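Asks: Protein chains in written order, with the numbering used here: chain H, 1 to 451; chain L, 1001 to 1451; chain A, 2001 to 2506; chain R, 3001 to 3506.
Just so you know, the hints here were simulated from the structure itself, not pulled from any lab data.
Fair warning: there could be bad hints in the mix.
[Said to hold, decoys possible] Cβ-Cβ distance ranges computed for the label pairs, FRET-style: (1) L:Lys1320 to R:Ala3491: 29 to 35 angstroms; (2) A:Ala2014 to R:Lys3475: 38 to 44 angstroms; (3) A:Ala2014 to L:Lys1320: 52 to 58 angstroms.
Please read all numbers here as calculations on a predicted model, not as lab measurements.
Glycine is no exception: its CB is placed at the ideal position from the N, C-alpha and C atoms.
Spelled out from the first residue to the last, the chains are:
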Amino acid sequence: MSHYISNTDEERAAMLEAIGIGDVKELFDVVPEGVRFPQLHLPPALSEAEIMRQLGRLGRLNSDTQSTLSFLGAGAYNHFVPTAVDALLRRAEFYTAYTPYQPEIAQGTLQAIFEYQSLLCALTGMDAANASHYDGATAVAEAAIMAFTSVRNKRAVLVAPTVHPHYRATLRTYTQGLGLTVTGDEDTTGSLDDLLAKIDGNTAAVIVQTPDFLGQLHDLKPVADKVHAAGGLLIASVDLVALGLFQNPGAAGADIVTGEGQGMGIPLSYGGPYLGIFASKDQYLRRMPGRLVGATTDMNGDVGYVLTLQTREQHIRREKATSNICTNQGLMALAATIHMSLLGKAGLRKVAEICYHRAHYAASEIAKIPGFEVVAAGPFFKEFVVSSIHPIDSLNTVLASMGIQGGYDLTADYPHLGNAMLVCVTEMNTKEDIDQFVQALRTIWEGRSDL
Amino acid sequence: MSHYISNTDEERAAMLEAIGIGDVKELFDVVPEGVRFPQLHLPPALSEAEIMRQLGRLGRLNSDTQSTLSFLGAGAYNHFVPTAVDALLRRAEFYTAYTPYQPEIAQGTLQAIFEYQSLLCALTGMDAANASHYDGATAVAEAAIMAFTSVRNKRAVLVAPTVHPHYRATLRTYTQGLGLTVTGDEDTTGSLDDLLAKIDGNTAAVIVQTPDFLGQLHDLKPVADKVHAAGGLLIASVDLVALGLFQNPGAAGADIVTGEGQGMGIPLSYGGPYLGIFASKDQYLRRMPGRLVGATTDMNGDVGYVLTLQTREQHIRREKATSNICTNQGLMALAATIHMSLLGKAGLRKVAEICYHRAHYAASEIAKIPGFEVVAAGPFFKEFVVSSIHPIDSLNTVLASMGIQGGYDLTADYPHLGNAMLVCVTEMNTKEDIDQFVQALRTIWEGRSDL
Amino acid sequence: MNTFEPPIFELSGAGKCGVNLPAIDVPLVDLPQELLRTDDLAGFPELSETEVTRHFTRISQRNFCIDTGMYPLGSCTMKYNPKVHEAAARLPGFAALHPLTDPTHAQGALWIMEQLQSMLAEISGFDAVSLQPAAGAQGEFSGILVFRAYHRAQGADERVEVLCPDSAHGTNPATAAMVGMRVVEVKTDHNGNVDLDDLRSKLGPRTAGLMLTNPNTLGLFDEHVQQVANLVHAAGGLMYGDGANFNAILGIVRPGDVGFDYMHYNLHKTFTTPHGGGGPGCGAVGCKTFLEDYLPGPRVRHIIDSDKFELFPPPQSIGRLKAFHGNFGMIIRAWVYIRTLGADGLREVSENAVLNANYLRIKLQDLYPVAYNRPCMHEVVLKGQLREAPGAKTLDIAKRLIDYGFHPPTVYFPISVPEAIMIEPTETESKRNMDAFIAAMRQIAAEAVADITILKQAPTTAPLRRLDEVGAARKPILKYDPAKFRELRRAHVAATSNEQPERPTY
Amino acid sequence: MNTFEPPIFELSGAGKCGVNLPAIDVPLVDLPQELLRTDDLAGFPELSETEVTRHFTRISQRNFCIDTGMYPLGSCTMKYNPKVHEAAARLPGFAALHPLTDPTHAQGALWIMEQLQSMLAEISGFDAVSLQPAAGAQGEFSGILVFRAYHRAQGADERVEVLCPDSAHGTNPATAAMVGMRVVEVKTDHNGNVDLDDLRSKLGPRTAGLMLTNPNTLGLFDEHVQQVANLVHAAGGLMYGDGANFNAILGIVRPGDVGFDYMHYNLHKTFTTPHGGGGPGCGAVGCKTFLEDYLPGPRVRHIIDSDKFELFPPPQSIGRLKAFHGNFGMIIRAWVYIRTLGADGLREVSENAVLNANYLRIKLQDLYPVAYNRPCMHEVVLKGQLREAPGAKTLDIAKRLIDYGFHPPTVYFPISVPEAIMIEPTETESKRNMDAFIAAMRQIAAEAVADITILKQAPTTAPLRRLDEVGAARKPILKYDPAKFRELRRAHVAATSNEQPERPTY
Ligand SMILES: Cc1ncc(COP(=O)(O)O)c(C=O)c1O
Ligand SMILES: Cc1ncc(COP(=O)(O)O)c(C=O)c1O
């Protein structure tokens, strides 16, 4: 028996006897005989020491952000995570608990979610935030559905071409059966003004990301004004890290704020689990997908927390629910809560400042290298586009051989930019790292025949 | 203020006001002025991300047992530690608590120590075990003192030359002021029989290690008989891992059992913190150093645990205490407790078996290589001596270049063995690893001019 | 020990910070003034690391969890979460790996993904697997989208009806609705199977497919599963398998062998990735070859004639379900689980899970009527209808179990069973604990007869008494607000047990 | 939530195992039959990983710890243990590094050790540091051995008297005895300083040295420390500094600057390596140049004209104190602490620690008489002698504090102060918590007057009530024995508060 099983042969025999059968196999008599007990062809079982050694080997095949100097972002970020976050996350009370359906013995989870909701509201300027969505992509997709069901008789959603390509793809996946059109991003060169020009009476929502996929910061206010005037809603997709310093989307007029929370205390983990941010103004609350926690009191009058407004959800409303979401990203929301609590006001601002100044330093240094150009249409936060005379994939291959993970290759998603990479600089990239990166680019320029 | 400090400037000001002073400096007026507030010349403070990066760099300068194939033992062992051990050890309730002086709110620690004591007694055949000593060396040193104070009018301790050299050195450090002589190991070639021949009426204790420093297993029974006949005590220094399979020292007649518990769930950590095992027969209990936990009941009659027989200890008896030990190796004892609980009967035996069979496989393969000889005077457990025509330090240098950490160089400690290394094989060294080691030795033999 | 802890906002003090951040080591540049936030992050707390650690440690102790006791939550498979999984997922080669890393430099991760795809396919009898879905519900969503795409590709746009048994989990109908399908409910027969007559009557040219959980949410293996599949297929529909209950049948029977066309795996149930207080999960999906091209992507495949792996989008994919490649942190844990258990270990899982559940059934059915009287699979559904204490409700029984040191089972689900109590011990539970649970259930039945207030007042030993859920919903307080908290503390609304909503918990 | 948990032995079941071990992959050879154990490991428990995890998780919750609340244990410096230290010590380059690794391949570890030696020397004003001692007591032991060796080297074998103030920690006299020295107690004057007259009278040609804690165990900085040192030195003795209270004076004053010759650092106090429920620690020692050669080894030094480091034994070393090079796991944590705080951060530590202690002193001294009425350093010693409730003892006050959610301070130490209550908040404690502690202490004083049984019965909210320590010592049960446990459970001895021994806790 495996080392997770807590019963002895004797105990199993006693149970079989109580049930009145002689062999556990009999419990499966109901399974059609021809397909019962198939021989599974799986690799032989490994011991714990063996699996950890194999994982060590496999892990070393990967170029992670600890073994390379990474300047890769594009929706997943190498931000600093204080050790305390994981130390607390590893408490079994948090990570081995289920959804807090029995509030008397789940106050830890419930209070943490309540605090998460509160922190998000403070950061985004929204009235309510759910207990998390899957990720930044699904959050924006469900926000579109929420907007669509919240406003009457409008069937179009406009999305800026500078919204993360994965988010736009997910948005289309989510809405394909719902009879609503998604447009606005057909021309990847389109500006925000071009998008605003497309708003009309059929526009249920406009989706804008800021900082956008290419790193640019946008003022949401004019967008909000325009879409509100047409009776639609503004959905903003944001980077929580940027919000330590930049525009409060709620104050600027956004109705629904979504985003990817990974940068706030969550490891890169090859793409997940991450954290979908989902918050809105009060008037859309009853259409919000996902779980919500509210404060209340117990029979003794002590303050406590419970899941609330559950009549929006699938387990109560079934096909009339606002969404089918059940399992969410609870532990990631906890990570973000602990992370934000550790940072606090000052830390949030400081992280954003470090990113901003270091990214601008990197941009200005790269701009000095012949053969490279920084393409920035306006203010940016921690990412910026660098165009190059070199094809980006070969550039990145050379950089990799120098221990550097270059920026995201934009060639496929934004062909109009030519040879372009999206460079990301965070508080994890020191000046020294940046100088090394710049030096590497310079070396490549100087020996450009190598490509 | 550092991120560990929980008061604001305002709060500090309020406290100063309550105290009636204007500046915190005034609290130090009592310090002689000339030496007050020295400027400390320390390296500049680093952020958490910077220190972790620097540690990553420093760590990579070390050849650890994950980055090399290690056959090094000699008192510190690369045994398997299940992940569950550290996962539980990391519970703040365990590692951020102090010595359990307030039993009502320290039952976690107390119960764990009680279980540790019980497991050790089962394993060693002793009646009582203390809550830990510093390590295998200090345990044997204090055992000698305990024996010395337990028997009357005997002032000599005999120690076998095959006891770990560090333990013998520590024994001498500990006893230097106490007017007791330590002999028996002057001639490093001496056998156990030679030692027994030295027992006389002045012998307070005989110290034997099994498996000894060179890996050999000894039968304690004849030693016990001989020393008991002379009115002295037998102190055994043991490897807990070997006890899963081999002779129960208590049953064989040992009076005090000490040992190094590192192999039982504790990482190598460049030499510490480890775990000093200390157990004895009942009649010596009142002379035992260190803490003891006993079972009792509370005011409601519920079973609980407390520190007990404290009148042996320094905080009660001061200069009349059995030892000055205060802080011990509590968390390491917990690690061993969890580890032994996970292994259980079957696991303990299996680990010992794997070590035994793999070590013997390695020995028989190495013995086949010309230029290498396995020197074993009797049965061994997981370590054995290999003599070579090559100087061991050059051999190990070549092995290191092949990614292998060779055995411990015995040349300094046991010059009579010539070029000899102590090879250690545990359950972490697979057959494949052993074959690779053997192949490396063969290659070295074949190209021996390289040395 | 009292673990009461105020909202973190009440621990805040101006100027404190809980992290040790680096200094800015580059020249400062101007900030775009017009884009800065102007509210000084009002409402954001400021604490030291010391305080943050204490706060979350203290509140954590107000949680029950798998590591503190038996957690027999039906449909949720609250089995032990191995510690080695946590170490594996945190190895820097994986935890610090950027998802957009050039696949050449992410071969270790891709290798694991490819092998997990193959192993899941083998265990379930399918031909192709995608690891992208973030949870079971998203797996379902992908499946119904695939069904829709498939039917459309056949020119059968009219197939817009998704059949769901009345015992189905809420995500099933909710999923169908999200795809724009119409939900048609199918009845359960007196043996807890799909009612074949009702099924026949509801199948037709508009049928897109049937969503079936098997073993179903009554804890029963459908006795006619192959017949059901045949009927659905004959009507031109497809069979969706909700794999939430896969833990009952590892190495026992493969869903692909009994007629399912597509299914999701809840890696966070069967393959024991931790539930995390609500998530994350991974709802990987598998299907038969004819649906493979529609799967959500990216998937991973071996590059032919090489030892390398690559990501690729299936050619007619329904599209991306989320950013990047799936919840890799869950994927690696599930991979470790299967690789350390092997085929024999997996079968042991199911055998023990089913044995444990039947033991509970046998020991409790005389007092708590079983919903359907036949051997169950990994969970048993009872009814909280005590003959001699009709005043006792399932909710009361559940709350009283807390005082005995157990997490209550799932209650009021399936909604088709009145006063349902759905107990899933899982294979890692010990007979010793189950015997204690049985004793508690029997004792509670006795208490219900002797003094029902014991149940109505329960729990009394938990960190809190029963909470006022009705009040919470009536006047929602969804974020911290000092004034509302002052009011709440003053109000001391005594929630009575009668005000407790009875609703599914799973 | 009830966390009662039986001894692990009562959870055992034949054949279970909690680890997943590799198979034997080599040919089997014969075992030496005569050396095998024959008792089949009787008494050894057998559990699954699931059960072991639950057992230790459950009992852990029966502990109070720094991360759950204020732990103002005087003399123990229960400050916050930074989480980054735990990550640092577990990096494989250190945690998996064998101590006998060729130093060429352990340069990273040696670098850290060398830098910690230098930094500790700088902070304390000494010339040389050895990191070998495992704890404070072992540091003391090394120091008195060094004093002995030094005197002998001067031909002064007769110097066998070690002077210890009456307020000294128990390890000081116990240490002197272990070295074969005679302990001579020195009185404390009315200001809590070493009584100079008494000191003079006890110094002489047999004096080996004085062991002084400064700030002393009364929480006071000795006002004549330099005079004391001068007197001792004039008599030919040496000054040993017990550094347990170093947390008060980081960046404030260096012991080496006021006359100490040798001292130990408790890395597990001042430099916040976790106490671990009793250990491990590290009692590194520092000294002046003239004693350097006697230090315990190995130490680490920079190899001249290279960028390499090596281990070396001091030439006239008193010898090894333990195997290998010291508790490296603690060394690396202390190194991280100093490197992340820097000089300014260290001074902040002491300033805040002393400020916090004085705040408590000011707020409590009207009800709880202070032992010595002057500003304290990092801790304050009060007396549990309530004017209006003479029946209340320090023990009762301590136990009652538990009900208020605080760990009691150190009690009955120093033994020279009757009914001592020794409170050390440390720098990481918040004013908010201290105010709550003050309120609790004042409330307890009021309760003591109103109804002393509240105190005598306390604690009532802890996992257990007061325990029968007298019974435990009378009939010691030091290992699990089913029969003795049956008896114990039957006995239900009601320990009364009056039977409680009053003994130091620190
Ligand atoms: C039967 C059943 N189906 C579907 C789901 C939904 O899975 P998830 O929560 O992973 O979205 C659940 C989860 O509780 C379930 O029990
Ligand atoms: C004043 C004093 N001296 C010495 C010691 C002994 O130190 P350790 O416990 O590290 O041996 C202590 C520890 O409690 C102490 O408080």
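Asks: Hints first: check each against the structure and report whether it holds.
Replies: These are the hints, each one checked on the structure:
A beta carbon spacing of about 32 angstroms between Lys1320 (chain L) and Ala3491 (chain R) agrees with the range 29 to 35 angstroms that was offered as a hint. In this structure the supplied range 38 to 44 angstroms is violated for Ala2014 (chain A) paired with Lys3475 (chain R), their Cβ-Cβ distance being about 57 angstroms. A C-beta distance of roughly 54 angstroms is found between Ala2014 (chain A) and Lys1320 (chain L), which places it inside the suggested range of 52 to 58 angstroms.
Taken one by one, the earlier hints fail for this structure only at number 2.
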